[in-house]
Amino acid sequence: KNEVEQSPQNLTAQEEEFITINCSYSVGISALHWLQQHPGGGIVSLFMLSSGKKKHGRLIATINIQEKHSSLHITASHPRDSAVYICAVEGNTGNQFYFGTGTSLTVIP
Amino acid sequence: EAEVAQSPRYKITEKSQAVAFWCDPISGHATLYWYRQILGQGPELLVQFQDESVVDDSQLPKDRFSAERLKGVDSTLKIQPAELGDSAMYLCASSLDRTYSPLHFGNGTRLTVT
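The listed protein sequences correspond, in order, to chains A and B. Numbering-wise, this note's numbering puts 55 at position 44 of the first sequence, and it's gapless, one number per residue. Numbering-wise, this note's numbering puts 103 at position 69 of the second sequence, and it's gapless, one number per residue.
In case anyone wonders, no lab produced these hints; they're calculated from the structure. All values derive from a computational prediction rather than experimental measurement. Note that CB positions come from ideal geometry on N, CA and C, so glycine has one too. Accuracy of the hints is not assured; some may be wrong.
[To be verified] With a straight-line cut-off of 25 Å between C-alpha atoms, the simulated SDA-like cross-links for lysine to any residue are:
1) A:K79 to B:P136
2) A:K79 to A:E16
3) A:K79 to B:S135
4) B:K49 to B:F99
5) B:K45 to B:D108
6) A:K64 to B:L130
7) A:K65 to A:S41
8) B:K49 to B:Q114
9) A:K66 to B:S135
10) A:K65 to B:A36
[Unchecked claim] Going by beta-carbon spacing under 10 Å, a handful of chain B positions derived as facing chain A:
11) E37
12) Q40
13) Y69
14) Q75
15) G76
16) P77
17) E78
18) Q82
19) V89
20) P136
21) L137
22) F139
23) G140
Construct all of the structure, not just a fragment, from the sequences and the given hints.
Written as structure tokens, this is what we have:
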């Protein structure tokens, strides 16, 4: 069973394209996290949100609690955005996290 | 900014050997997680600590894996004996002891078992 589902699994985009990565979850949550993992690198937290929308630079994350769905948008994508983007949710019963399998993004110049 | 420290960064070992990984979480973070990540997949929880106590080790292969966090600070994950299928990235993460806390990851230990 997968508590968190992401789509697409793989995504190739041209530079400057607007990108959307989707995340659906099936458990009750206290927060949703979007994480970025570069090849061979550690994981960096991009966003943590429990409602509405957050924006950081060219990245925007939204969440719809009723629909149990979140999206990560990248505007004006750049090759340096190439990474794996992972959606993780924090369950509402004690610091437990559930992870999606990640979306591998490649942005071509 | 404070970081989660992990060592070693890379480890190559032969099957049937013992291997150990170390993690030092961010100071003050009571919750510590060990995850295993196979290439192309999301992290899989191995064990979760709250201070020095194990909260969840249901996915830890206890016949060969062990984890401890004796003083509730740094933690060690051990595999003995290592098997070929253990080759993966082992990630340590920590968070404050409350919900809606950011999760901070270390850079991981890349294990290759030959």
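Right, here's what the structure says about each hint:
1. For the suggested pair A:K79 and B:P136, the alpha carbons sit about 20 Å apart, so the restraint of at most 25 Å is met.
2. This hinted pair checks out: A:K79 and A:E16 have alpha carbons roughly 11 Å apart, not beyond 25 Å.
3. About 19 Å separates the Cα atoms of A:K79 and B:S135, which keeps this hinted pair within 25 Å; it holds.
4. A hinted pair counts as satisfied when its Cα atoms are at most 25 Å apart, and B:K49 with B:F99 qualifies at roughly 14 Å.
5. Between B:K45 and B:D108 the alpha-carbon distance is near 19 Å, which keeps this suggested pair within the 25 Å criterion.
6. Note on A:K64 and B:L130: the hinted pairing holds, with a Cα-Cα distance of about 23 Å set against a maximum of 25 Å.
7. Using a Cα cut-off of 25 Å, the hinted pair A:K65 and A:S41 holds, with the two alpha carbons roughly 16 Å apart.
8. Annotation: proposed proximity of B:K49 to B:Q114 holds, straight-line Cα distance about 9 Å (limit 25 Å).
9. At roughly 18 Å between alpha-carbon atoms, A:K66 and B:S135 fall within 25 Å of each other, so this suggested pair holds.
10. With a C-alpha separation of about 23 Å, the suggested pairing of A:K65 with B:A36 holds against the 25 Å cut-off.
11. This hint holds: B:E37 has a C-beta 9 Å from the nearest C-beta of chain A, less than the 10 Å allowed.
12. Satisfaction of the interface hint for B:Q40 is found here, the shortest Cβ-Cβ separation to chain A being roughly 8 Å, below the 10 Å cut-off.
13. Given hint, B:Y69 at the interface with chain A, holds; its Cβ is 8 Å from that chain's nearest Cβ, closer than 10 Å.
14. For B:Q75, the interface hint holds, the least distance from its beta-carbon to any beta-carbon of chain A being 5 Å, beneath 10 Å.
15. Hint on B:G76 holds. Least Cβ distance to chain A is approximately 4 Å, under the 10 Å limit.
16. Evaluation of the B:P77 hint against chain A yields a held restraint, the C-beta minimum of about 5 Å falling below 10 Å.
17. Because the smallest distance between the Cβ of B:E78 and any Cβ of chain A comes to about 8 Å, under 10 Å, the interface hint for this residue holds.
18. Checking B:Q82 against chain A: minimum C-beta separation of about 7 Å stays under 10 Å; hint holds.
19. Here the hint on B:V89 is kept, as its CB sits about 7 Å from the closest CB of chain A, short of 10 Å.
20. Annotation: interface hint on B:P136 holds; nearest CB of chain A at approximately 5 Å, less than 10 Å.
21. Hint on B:L137 holds. Least Cβ distance to chain A is approximately 6 Å, under the 10 Å limit.
22. Because the beta carbon of B:F139 sits about 4 Å from the nearest beta carbon in chain A, less than 10 Å, this interface hint is met.
23. The beta carbon of B:G140 comes within 6 Å of a beta carbon in chain A, closer than 10 Å, and the hint placing it at the interface holds.
In the structure shown, no violation is registered for any of the earlier numbered hints.
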